[in-house]
Amino acid sequence: NAGVTQTPKFRILKIGQSMTLQCAQDMNHNYMYWYRQDPGMGLKLIYYSVGAGITDKGEVPNGYNVSRSTTEDFPLRLELAAPSQTSVYFCASSYLPVPQGAQYFGPGTRLLVL
Amino acid sequence: LAKTTQPISMDSYEGQEVNITCSHNNIATNDYITWYQQFPSQGPRFIIQGYKTKVTNEVASLFIPADRKSSTLSLPRVSLSDTAVYYCLVGDRQTGANNLFFGTGTRLTVIP
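Residue numbers (our numbering), protein chains in the order written: chain A, 1 to 114; chain B, 1001 to 1112.
No wet-lab data here; the hints were simulated from the structure. A few of these clues could be false.
[What the hints assert, rightly or not] Okay, derived cross-link-like pairs now, DSSO-like style, lysine-lysine, Cα gap no bigger than 30 Å in a straight line: (1) B:K1069 with B:K1052; (2) A:K57 with A:K14; (3) A:K44 with A:K14; (4) B:K1003 with A:K14; (5) B:K1003 with B:K1052; (6) B:K1052 with A:K44; (7) B:K1003 with A:K57; (8) A:K9 with A:K44; (9) A:K57 with B:K1054; (10) B:K1054 with B:K1003; (11) A:K44 with A:K57; (12) B:K1069 with B:K1054; (13) B:K1003 with A:K44; (14) A:K9 with A:K57; (15) B:K1003 with B:K1069.
[Claimed, not checked] To give an idea of the interface, some chain A residues facing chain B are shown, with a C-beta separation under 10 Å as derived from the structure: (16) V4; (17) L43; (18) R77; (19) V88; (20) C91.
[What the hints assert, rightly or not] Here are the in silico distance ranges between beta carbons for each label pair: (21) B:L1080 with A:G40: 30 to 38 Å; (22) A:D38 with B:K1003: 37 to 45 Å; (23) B:K1054 with A:R77: 22 to 30 Å; (24) B:T1083 with A:D26: 23 to 31 Å.
All values derive from a computational prediction rather than experimental measurement. Each residue gets a CB set at the ideal place from its N, CA and C atoms; glycine is no exception.
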């Protein structure tokens, strides 16, 4: 099993550009999550999904969108990138809903907005 | 919401036992306590979870007193590879991901 994979590893965006961060898991987990982590800080939840076709906002959803058309994939869309979105983005999945289920994290995507 | 408080950083020598305490004074009846470990440039990794008393796995032990207002993660005989940030999370299944906060964690540095 590859676990949770994320692409790209690193990306530089110009202000106002858009991009999609890809996340895929091969563990057949229903629950998936997107977090961002700013330098020296903990993770903040952006969006999460409890199954295909169902998504919900987390703590910091503004400026982002998600979709969940399959169990495996949970892409995160950035519209009109801003410098405040410079961060490391982590995708995670779990078999059971948190906190009951352990979250499995991907390696992260480092995004720089200039 | 059950807020958690952890020391910002700790140092330990190799081979010692390390105890990291997390305070969660307003923990609710249905809340679980979960610990994650994060190495630099990696995503967090689940270590251990508990509800009360003591839980042990191959990596760590988690001690939770009867009042559950705090918890202690115990790492036996740490090595240099245990240098990481450790996060304590408190939350319940009913409210789920939206009420599970990572905080800034405890940065553990293991010294040779």
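Right, here's what the structure says about each hint:
1. Taken as a hint, the B:K1069 and B:K1052 pair is honoured in the structure, with Cα atoms around 10 Å apart against an allowance of 30 Å.
2. About 25 Å separates the Cα atoms of A:K57 and A:K14, which keeps this hinted pair within 30 Å; it holds.
3. About 23 Å separates the Cα atoms of A:K44 and A:K14, which keeps this hinted pair within 30 Å; it holds.
4. For the hint pairing B:K1003 with A:K14, the CA-to-CA distance comes to about 37 Å; that exceeds 30 Å, so the pair is violated.
5. At roughly 18 Å between alpha-carbon atoms, B:K1003 and B:K1052 fall within 30 Å of each other, so this suggested pair holds.
6. Between B:K1052 and A:K44, the direct Cα distance comes to roughly 27 Å. Compliance with the 30 Å bound is thereby established for this hinted pair.
7. Distance restraint check for B:K1003 and A:K57: the Cα-Cα separation of roughly 20 Å lies within the 30 Å cut-off, and the hinted pair is therefore satisfied.
8. Of the pairs offered as hints, the one joining A:K9 and A:K44 holds, with about 19 Å between alpha carbons and a cut-off of 30 Å not exceeded.
9. Distance check on the hinted pair: A:K57 and B:K1054 sit about 34 Å apart at the alpha-carbon level, beyond 30 Å; violated.
10. Between the alpha carbons of B:K1054 and B:K1003 the distance comes to roughly 21 Å, so the proposed pair stays at or under 30 Å and holds.
11. For the proposed pair A:K44 and A:K57, the alpha carbon gap of about 11 Å is at most 30 Å, so the pair holds.
12. With a C-alpha separation of about 14 Å, the suggested pair B:K1069 and B:K1054 falls inside the 30 Å cut-off, and the hint holds.
13. Simply put, B:K1003 and A:K44 have alpha-carbon atoms about 14 Å apart, close enough for the 30 Å limit, and the pair holds.
14. For the given pair, A:K9 sits about 24 Å from A:K57 by alpha-carbon distance, which is consistent with the 30 Å threshold.
15. The suggested pairing of B:K1003 with B:K1069 holds, with an alpha-carbon distance near 11 Å, which does not exceed 30 Å.
16. With a cut of 10 Å, the hint placing A:V4 at the interface with chain B holds, because the nearest CB-to-CB distance is about 8 Å.
17. Proximity of A:L43 to chain B holds as hinted, the smallest CB-CB distance being about 4 Å (cut-off 10 Å).
18. Hint on A:R77 is violated. Least Cβ distance to chain B is approximately 19 Å, over the 10 Å limit.
19. At its closest, the beta carbon of A:V88 sits 8 Å from a beta carbon of chain B; the interface hint therefore holds under the 10 Å criterion.
20. Contact between A:C91 and chain B, as hinted, is supported at the beta carbon level, the nearest pair being about 8 Å apart and thus within 10 Å.
21. The hint said 30 to 38 Å for the Cβ distance between B:L1080 and A:G40, and at roughly 22 Å that hint is violated.
22. Range check, A:D38 to B:K1003: Cβ separation about 19 Å, and the 37 to 45 Å hint is violated.
23. For the pair B:K1054 and A:R77, the beta carbons lie near 44 Å from each other, so the given range of 22 to 30 Å is not met.
24. A beta carbon spacing of about 30 Å between B:T1083 and A:D26 agrees with the range 23 to 31 Å that was offered as a hint.
In the structure shown, a violation is registered for the earlier hints numbered 4, 9, 18, 21, 22, 23, in ascending order.
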